[in-house]
Every structure is written in C-alpha cells, then in structure tokens.
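*Asks:* The chain contents come next:
Number of protein chains: 2
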Amino acid sequence: MEKIIYPSVTERWDVFEIRIPGKTDGNPFTDCRISGEFSGPSETVRTDGFYDGNGEYVVRFMPDEEGDYRFTIHGDFSDSIPLPVRGSFHVTPAKDGNHGPVDVCDTHHFRYRDGTPYYSLGTTCYAWVHQPEELQEETLRTLRTAPFNKIRFCIFPKHYDYNYAEPLTYPFEGSPCDTADLNRSTMQRFTEEKKGNHWDFTHLSPGHFRRFDRRIRQLMEMGIQADLILFHPYDRWGFDGMGAENDDRYVRYVVARYAACRNVWWSLANEYDYIRSKTREDWERIGALISDTDPFGRLCSVHNGPAFFDFTRPWVTHCSCQGTNRYNSVERTDELLETYRKPVVWDEVLYEGNLDLGWGNITGEELVRRFWEATMRGGYIGHGETLLQDVSDVDHAILWWSHGGSLHGESAPRIAFLRRILEETPGGKGLHMLPGYWDTIAAAPSGDEDGSYRIYYFSYLRPLFRDFYLDDTTDYEVEILDTWRMEIRPQGIFRGHFRIILDGEPYQAVRIRRCVSQPTSVQ
Amino acid sequence: MEKIIYPSVTERWDVFEIRIPGKTDGNPFTDCRISGEFSGPSETVRTDGFYDGNGEYVVRFMPDEEGDYRFTIHGDFSDSIPLPVRGSFHVTPAKDGNHGPVDVCDTHHFRYRDGTPYYSLGTTCYAWVHQPEELQEETLRTLRTAPFNKIRFCIFPKHYDYNYAEPLTYPFEGSPCDTADLNRSTMQRFTEEKKGNHWDFTHLSPGHFRRFDRRIRQLMEMGIQADLILFHPYDRWGFDGMGAENDDRYVRYVVARYAACRNVWWSLANEYDYIRSKTREDWERIGALISDTDPFGRLCSVHNGPAFFDFTRPWVTHCSCQGTNRYNSVERTDELLETYRKPVVWDEVLYEGNLDLGWGNITGEELVRRFWEATMRGGYIGHGETLLQDVSDVDHAILWWSHGGSLHGESAPRIAFLRRILEETPGGKGLHMLPGYWDTIAAAPSGDEDGSYRIYYFSYLRPLFRDFYLDDTTDYEVEILDTWRMEIRPQGIFRGHFRIILDGEPYQAVRIRRCVSQPTSVQ
Chain A
1 MEKIIYPSVT ERWDVFEIRI PGKTDGNPFT DCRISGEFSG PSETVRTDGF
51 YDGNGEYVVR FMPDEEGDYR FTIHGDFSDS IPLPVRGSFH VTPAKDGNHG
101 PVDVCDTHHF RYRDGTPYYS LGTTCYAWVH QPEELQEETL RTLRTAPFNK
151 IRFCIFPKHY DYNYAEPLTY PFEGSPCDTA DLNRSTMQRF TEEKKGNHWD
201 FTHLSPGHFR RFDRRIRQLM EMGIQADLIL FHPYDRWGFD GMGAENDDRY
251 VRYVVARYAA CRNVWWSLAN EYDYIRSKTR EDWERIGALI SDTDPFGRLC
301 SVHNGPAFFD FTRPWVTHCS CQGTNRYNSV ERTDELLETY RKPVVWDEVL
351 YEGNLDLGWG NITGEELVRR FWEATMRGGY IGHGETLLQD VSDVDHAILW
401 WSHGGSLHGE SAPRIAFLRR ILEETPGGKG LHMLPGYWDT IAAAPSGDED
451 GSYRIYYFSY LRPLFRDFYL DDTTDYEVEI LDTWRMEIRP QGIFRGHFRI
501 ILDGEPYQAV RIRRCVSQPT SVQ
Chain B
1 MEKIIYPSVT ERWDVFEIRI PGKTDGNPFT DCRISGEFSG PSETVRTDGF
51 YDGNGEYVVR FMPDEEGDYR FTIHGDFSDS IPLPVRGSFH VTPAKDGNHG
101 PVDVCDTHHF RYRDGTPYYS LGTTCYAWVH QPEELQEETL RTLRTAPFNK
151 IRFCIFPKHY DYNYAEPLTY PFEGSPCDTA DLNRSTMQRF TEEKKGNHWD
201 FTHLSPGHFR RFDRRIRQLM EMGIQADLIL FHPYDRWGFD GMGAENDDRY
251 VRYVVARYAA CRNVWWSLAN EYDYIRSKTR EDWERIGALI SDTDPFGRLC
301 SVHNGPAFFD FTRPWVTHCS CQGTNRYNSV ERTDELLETY RKPVVWDEVL
351 YEGNLDLGWG NITGEELVRR FWEATMRGGY IGHGETLLQD VSDVDHAILW
401 WSHGGSLHGE SAPRIAFLRR ILEETPGGKG LHMLPGYWDT IAAAPSGDED
451 GSYRIYYFSY LRPLFRDFYL DDTTDYEVEI LDTWRMEIRP QGIFRGHFRI
501 ILDGEPYQAV RIRRCVSQPT SVQ
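In the order they appear, the protein sequences are chains A and B. With our numbering applied, the first sequence covers 1 to 523. With our numbering applied, the second sequence covers 1 to 523.
Derived from the structure by calculation, the hints contain no laboratory data. C-beta: ideal position from N, C-alpha, C; glycine also. Hints may contain errors.
[To be verified] Residues from chain A shown here face chain B by an in silico Cβ test under 10 Å; the list is partial:
(1) N325
(2) Y327
(3) S329
(4) R332
(5) I362
(6) F458
(7) H497
(8) L502
(9) E505
[Stated by the list, open to error] Covered stretches of chain B (in silico footprint by chain A; criterion: 3 or more residues with CB under 8 Å from a CB of chain A, positions within the stretch not fixed):
(10) 327-336
(11) 388-398
(12) 430-441
(13) 465-471
(14) 493-507
Work out the full structure: start from the sequences and follow the hints.
*Replies:* What follows is the structure, encoded as structure tokens:
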C-alpha cells in the first residue's frame, strides 16, 4: 500500500480515520511518531496517531461540529510520503441514533452531547472480547435486546476462577506460559509466579487491538458505551506489572486508537488496589497521561477493590464504585454525591448469581433493589450475572459477567422496567433524592423540584399502606410501581390527604404526578 | 392487719417476701423508710423495702444460697410494731426449671447462675401489661409455646401510633388528660402539649405495680426474662418528664419492688435519646441509683434511638442496641463486641410486619436473617411483630410488638429452629465469629476453638456449592442447615478437601462436626 486513505465526508461524532503507509524497519511502536491537527468551523484539535501493523499508520479523530474540516498529519513515520500530509473533509449532521458522546451534566448526571438524556444502566462482561468468535456474536445478540447502555470489559485477557482459557489474541508479541497444570487449585500460583511468559512489551500486536476496534464500533451502533478497563489484577501473563515505561506506551496506544470513538469511557483499572505492582503515584501518572493525550476528554475513572479511589483527582470525571461493605453500598449514593460532587456509578455491587464466591451469588431481587436504591438516590449502577447452569461441570461454565453469552437471570427485564421509568421522568437528568424522609426513599426529577413528579420507593420494606399529603388544592395522579412484577398499577386521582393501599410485598414504589388538567377553583 | 407475714421456708433464687403493717397517715411514699438486712451461710445483703398500700410495708429478697438465713427489718414505718423486726427462714435447693438469675459470662455471653446455658432470644410487647386482662392472658398463652426467653415491656403506659387506648391502671394517683379528640393526626399534639393531666407523683399507685408483680412472676415460671423498661418517650401523661426527684423516687420504688425477682433486667429507657427532658447526666444519675440500690446486680442497659448509649459506663452490663443504620446493624455485632467488651443484645432491628412505618415492615425472611447474622457474630437479638391483619381497620389493630396477643408472622418458628441449633452447640456460651472469612460468616462455639464444631452461614448470599478443607486426617459429619425451611439435611462424612452442593437459595448454613469415632491410622 502506498496510498493515503481517508473519507471525504463523515458524520458528526463519527470516527474520521486517515491511514498512511510508513516505515516497517526498526520498531514502529518505539521509533516513530505520528499526530494530526484538525480544524473545523470553531474547533482545533491535536491528536496522536498509532501504528496499525503492515506498514500502516493511523490517525483517528471525532469531529464535534458540522461543516468543513482541514487536517495536517505530522510525524517521522515515513521516508517515502512527504510530511506533513494535508487534507480536508466535510462533516454532515449526525444520523438517527448518533447522539454524540456522553458528558457529565449538572454535576451528578450524564447527557449525550446532542441533549438526549443518558441514564447509565451498565453491565459487565470482563473478558467477552477474549472468547471464541461465536460466543462474542451471542453476546452482541443478547445486548441487542437487553436494557444496558454501558458495558465494562478488559483489554487485557483475564486469569481468574472460571477464566482459565487462553484468550484469542495477546496485546503484545511473544508467547504465554505453559498452562498444562492450571486448574482451580493451582490458579493462585500462576497469578503469583507468572513464570514462563516471554513478551516483548515494546511490540504491541495490532491484531489484538483491531478486534476491539470492531467490537467498540458494534457497541457504538447499538448505543452502548464501552467502558474500557486498561489494567486489572487477574493476570498470569505479567501484563499487570510491565513497569512505567511499558505501561505508558500501552496507554498512549490505547488512547490514540480508541479515544475518537464517541462511546468509549476509560476505566484505568478494575480493582486498582489489588494490583500490587502499582502505587498511587503510578495511577496518578497514568490518569494525567490520559488526560494529556485524549483530546476528546472521554469519561474517566478508577474502579476499586477494598477502598474507593481518590475521586477528587481532577482527571476523574465520575466515581466508579464497588461497594466496600456488602450490607451497605448503594445506600451511600447520596452521601458520595455530596462528598465528591461528581456522578456516582456503582460499577460492581455483587452479581446476580449462585457462584461459590460471595461477590457473585445474590438474588435477582437483591440486585434489582440495588438498582432502584442507587437510582432513587441520584446515582447510576451496573449489572452482572454469574449464574451457574450446571453444578456438575463448573469448570466449563459460561458466565455473563466474564464470558458474555446469554442472560439466564431475573434482573435484566426489571432493569428494563427501571429504564422505562427513568425515560418517563421529566427533565432528562435522572433523579434527585429528596431530604426529610426516614423510612422511604423519595426522589424528584433532578433539577426539577416543583413537586409535579415524585417517586417513593420502599426498598426491602413492605408497608401495607402509606398516607400522603402534598398540598390541598392540586390533583395528583397516583400509580403503584411494582418494581419486581414490572407492573404500573393506576390508583386514581387524589388531592389533599390520601391513603394508598399497597400489597405488603417488598420492592414497591409509588409514583405521584401532577395532573395536566387541574380543577378550577370556585370563586 | 397487725401480723408480720413471711414464709419459714423458701426456694433458692425465689422471692422471699416479708410483709409488715405500718403507718397509713401522711404520705408513706415520702415519709417512711423500710429496709432489710439478710444473712445466709456466706452472704449478707441489705435491701430497701416499699409501701404496698393498705398499710402494708414489704421487703423482698432473693437468697443466693441454700441453708438458714436470718433477717432484720429496719425503718420508721410503724409506731405499733417494735422495730427492728428480726426473724429467720430456711432456703431449700432450687426446683426444676429454676436456674437462678442470668449473669454475664465470659465477657460476651450469658449464663444462668446454676450453670445452665442462656441464649437470649427476646421479643417485644411494650404495652402488654396495659391491655385488657383477656389479651394479657392470650399473650401468656402465646409465650408458652413461643421460642422467646426474654420479653421487653414498659412500666409506664404507652402513647403512640396504634396505641391510643388508656391503660388499665396508672403508676401514680391522679387523672389523665381528656382524649376525646385523640387520633392519628392529633397524636403528636398530645405528646407535645401534655395538657390536662393531674398527677401526684409523690403518691405511687401500688395497684398498678401489683399487676406487674403477677406478670413478672408468671414470666419467671415460664423461664422468660422480664426486661423492664423504666422510661420511654411515647407519652401523653407527663411520666417522661417528672423531674429528678420524682424520677428517683419512682426508680427506687421499682428497684425495691422487683429487684428480688431473678428474671428481671433493667432497661433504663427505650430510645433514651428521644426523651428530650432528660440529659446524659440524668441517665447517669439513674444508672448509678439502680446500681446503688439493687443489691442483686440485675442486668442493666439503655436502649437507643438515633445513637447508641455509652455502653462503657460501669453500671451498664450489656449493650442494648437498636440499629442506627437500617442497612447495616446486626452485621456490626462483632465490631461492637470488640469495642465494648460486653454482651451485645440487639433489642430492636426492625420488626416483622407490614405497617406504614419503616421500623415495622420487614419480611420474616429478613428478620430471621438478622437473628442468624447477630448470633453467628457472637451476639444476641430480639424479635418484634407488627403485622396488620385488616388494612380497613388499622385503628383497632392488635399488634404483638405493643399489645401482645397472638403471633401471625413467619419468624417465630424459625427463631425456634435457631434456638435448637444453639442448644445443640457445645460449650453453652453461644457462638464466636471466626476471623478470615470474607464471604461467609463462620462461627465456632465460644471459648471452644478446637475445630470440632463449626457453622458457616451464607446470609442473603446463595452459593450453589462450597468447597471446604479443614485438615487431611479427621472425619467430619456435614449437614446443611436450611434456616428458613427449618431443615437439617445430613450430607455424610467427609475428610480433606470436599465440596458441598447447596440449592442456590438464600439463608443456608453448613454445620461441620468432628465425628465421635475417628478412623484409625494405618501404621
């Protein structure tokens, strides 16, 4: 290939890519630099490119405006193509379903850049891109009808209980350790010793990352955010302890490759505090590096094990939380919002499942309760499923939480019901917990406190009735929301003091909305 | 009556009572003193007496030894009977079912004085002694077959939601306020204003206290501890704000009257921190007064509302706790044991019920889970039930939590199952939580850590299987304890590494006991 390839027309917020042939001698990952400068009607953006193998160098860019753009590609990656390379392209309006990237909105919430509401309802399939192709396709089919609009997954392969298989590809050139005697009881030794691996961390494997290009693009087309996990501790290959120089080269590569995708979020790590080889200073350096090299300012956070990350860091856009107490996690959402003044996303709150391990065996009821509890308190939350189908063959289990595949649990349809309720909530910015209630969680649309729309959620409590009073003169439409049975049961129109009879089951809510047509006062 | 009445023979740990005629002019409650000194084989005890009305003065005493006792009654309560009065009586061994009082044992647990284990499994019927006689009798019938061995109730009548009725009797002479317009919506005003009451706090009403004599005695005969609540904030009569002098006279009277009953525990207050008229200094004064005037050293604590009492006070024998966080209460049991080095008794953890109020509408499942959680962590816990039977007539509801009556819930039989498991646990001192488990609660018999008996409880988690390993050479008998279905399912004998298949439902436990007959090692 000796041709420079790029489209002359692209869609707003889509990935514009320019591909240029260049050097293949030496090590393109360490020896060559490529970057681009893009100017549209009112923005000018500088971004790094990356080597995609086969002598091809790539710069990706997301235009934030409609209209004409010009670009200049700089670097030292080619002896045959005269540098800089200059060109132009035209940006058309976004098509249906393309709402742009997700931004933080009003301190505690999110919103698509075109103003469309975004209520983060995530799921987790850590290693789905490392599974056989047919399983990945099954995962995508499942996601197509599932209620989730964010998915967390790892760029590095995963070594953990129920995850012993080799990945399809590796991120670096080299060869993995021998796994002949790897099983449940020897697993820990592999994690600790990491013997027999031979990797050249200076040579990334573009084929590995190309597979992620495709999956991120497919998620983008489905309206699902790709929460990319850059590092994690579930490792037998040594990818969790490559040293600062190799880490930084990898991070720069990932940012150059994926930052232009409007649906990408950065998760520096899963359970950062279990990665013993990295210090707080390492995370700070990596966070600052992403902040410096990602010109699109993608959402960025760090997911914890035993202790929350320091979410006050300026490059952390939102709190990515795992509960630190299994009895009291999402119930702290409103407290964390107050503390950090950033959106709170519970990315791990124990999974619906039946595993032998305590992070993966709560009921669907309890997971759905946690979804409501977090949402009513003004936060967001993610799902995971670890349901063994056959206890006699646990070593070959396909578990959604890591492998993807199909959903077997009871929570997903209830999460769809919650999503429906959020979508029916005015204001487009989720909910805000109302103060002053001691035995129910009351919420109003965030930023809209005029009392015209309220939800009262009773969580695991099960009142047989509740008395309400808002004011003496307004007519309100009252419905019971059965969050488990997924039913909306109209109760009628009420004014002044009124009593709603519930059924004495847990997980009920009451929605009260001001009637559009109000009674005329008699003079 | 001009006769001095007392028995010549009594049973060890029973109430010995001497009744002497005395003055009726003036105010016997403020003008007269009576006290007794009792000497047995090796104990000498001084105790105050009390005026029981009708010109009768009473001293009560609990002999802690068998053998011959002598006594001397002092005072200024009689002009006609020469004082002091001297006499003697004989103490026989305790009969079946009389195990003596309950003491703190090994820092965190309880035990009857004769060495019989006491695992506190309480219930709550705050105002049962203030209900119509036939309802009180129904309560006693219920208690006869219920699993509870402690009951909390109030000496003062109760004014609260679902509790508007006048009590049978009042603790003082006088007359109550008019309650013509008392209902759910005016209730709060009565609590605040307390207008129209006319009481002479210097004249106690012996008839009121005599009714408690009888009920405490009946509970004693059923082996149920009477956890007497001296003060509480649910009041329209002014009994919660009588001032220090009246409070102290009332406390002295109650202690003189009931301290000799071996099943009495003192609870200075229910929700002490909601009684606005009393300061921390008042509680300290009252606690010290009980400590000074109760020669039998009955168990004593203070139950909280928003914040735990200072359980480090020397007169506090155990932590009487209400959860201060509705999502994380009994789960802190082991932490509180560590902090206070006293037994932890969760006297209120939300009630099994369906009320409109959030302290009284959890499921039976959740209450039973809390029982197990507290017990496995080395603590004790109490029950309450607030199950409305008819939502169309809530104003006349009979609710066990306050009125007594009958039980309608699902938790009581499961609490009986837990009691059975505790009674089967060796050592007689309950359980002690084992450290080092992150996703199960493991416990061994308190003080007995040789590994011969262990329980693993999974709480709301629902593993489909668990792997165990204790050692390579011992045979263990393994059972699944289904704490909800109340089933013990034997799994067989296991050695070394073994896997137990569970059913993937919440509220399961596994009990592992060393087999009595162990394999002989082959030489």
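*Asks:* With a C-beta cutoff of 8 Å, work out whether three or more residues of the segment 388-398 of chain B approach chain A closely enough for the coverage to hold.
*Replies:* Answer holds; 3 residues pass the 8 Å Cβ test.
*Asks:* Three residues or more, CB to CB closer than 8 Å: is that satisfied between the segment 327-336 of chain B and chain A?
*Replies:* Since three or more residues must qualify, the claim that chain A covers the segment 327-336 of chain B holds, with 3 doing so at under 8 Å.
*Asks:* Answer holds if the nearest beta-carbon of chain B is closer than 10 Å to that of F458 (chain A); otherwise answer violated.
*Replies:* holds (8 Å)
*Asks:* Have a go at the E505 (chain A) hint: is there a Cβ in chain B nearer than 10 Å to its own Cβ?
*Replies:* holds (9 Å)
*Asks:* Is the coverage entry for the segment 493-507 of chain B by chain A consistent with the three-residue Cβ rule at 8 Å?
*Replies:* holds (count 3)
*Asks:* Regarding the hint that N325 (chain A) lies at the interface with chain B, is the smallest CB-CB distance below 10 Å?
*Replies:* Holds, because the Cβ-Cβ distance from N325 (chain A) to chain B comes to roughly 6 Å (cut-off 10 Å).
*Asks:* For the segment 430-441 of chain B, count the residues whose Cβ lies under 8 Å from any Cβ of chain A; is that count three or more?
*Replies:* Holds: 3 residues of the segment 430-441 of chain B have a Cβ under 8 Å from chain A.
*Asks:* Checking hints one by one. Is I362 (chain A) an interface residue toward chain B, by the C-beta closer than 10 Å rule?
*Replies:* holds (6 Å)
*Asks:* With chain B as the partner, please determine if H497 (chain A) meets the hint condition of a C-beta pair closer than 10 Å.
*Replies:* holds (8 Å)
*Asks:* Min Cβ distance, R332 (chain A) to chain B: is it shorter than 10 Å?
*Replies:* This hint holds: R332 (chain A) lies near chain B, its Cβ roughly 9 Å from the closest one there, short of 10 Å.
*Asks:* Using the nearest Cβ pair, does S329 (chain A) come within less than 10 Å of chain B?
*Replies:* Check passed: Cβ of S329 (chain A) comes within 9 Å of chain B, closer than 10 Å.
*Asks:* Do three or more residues of the segment 465-471 of chain B come closer than 8 Å to chain A, measuring C-beta to C-beta?
*Replies:* holds (count 3)
Of the hints listed earlier, there is not a single one the structure fails to meet.
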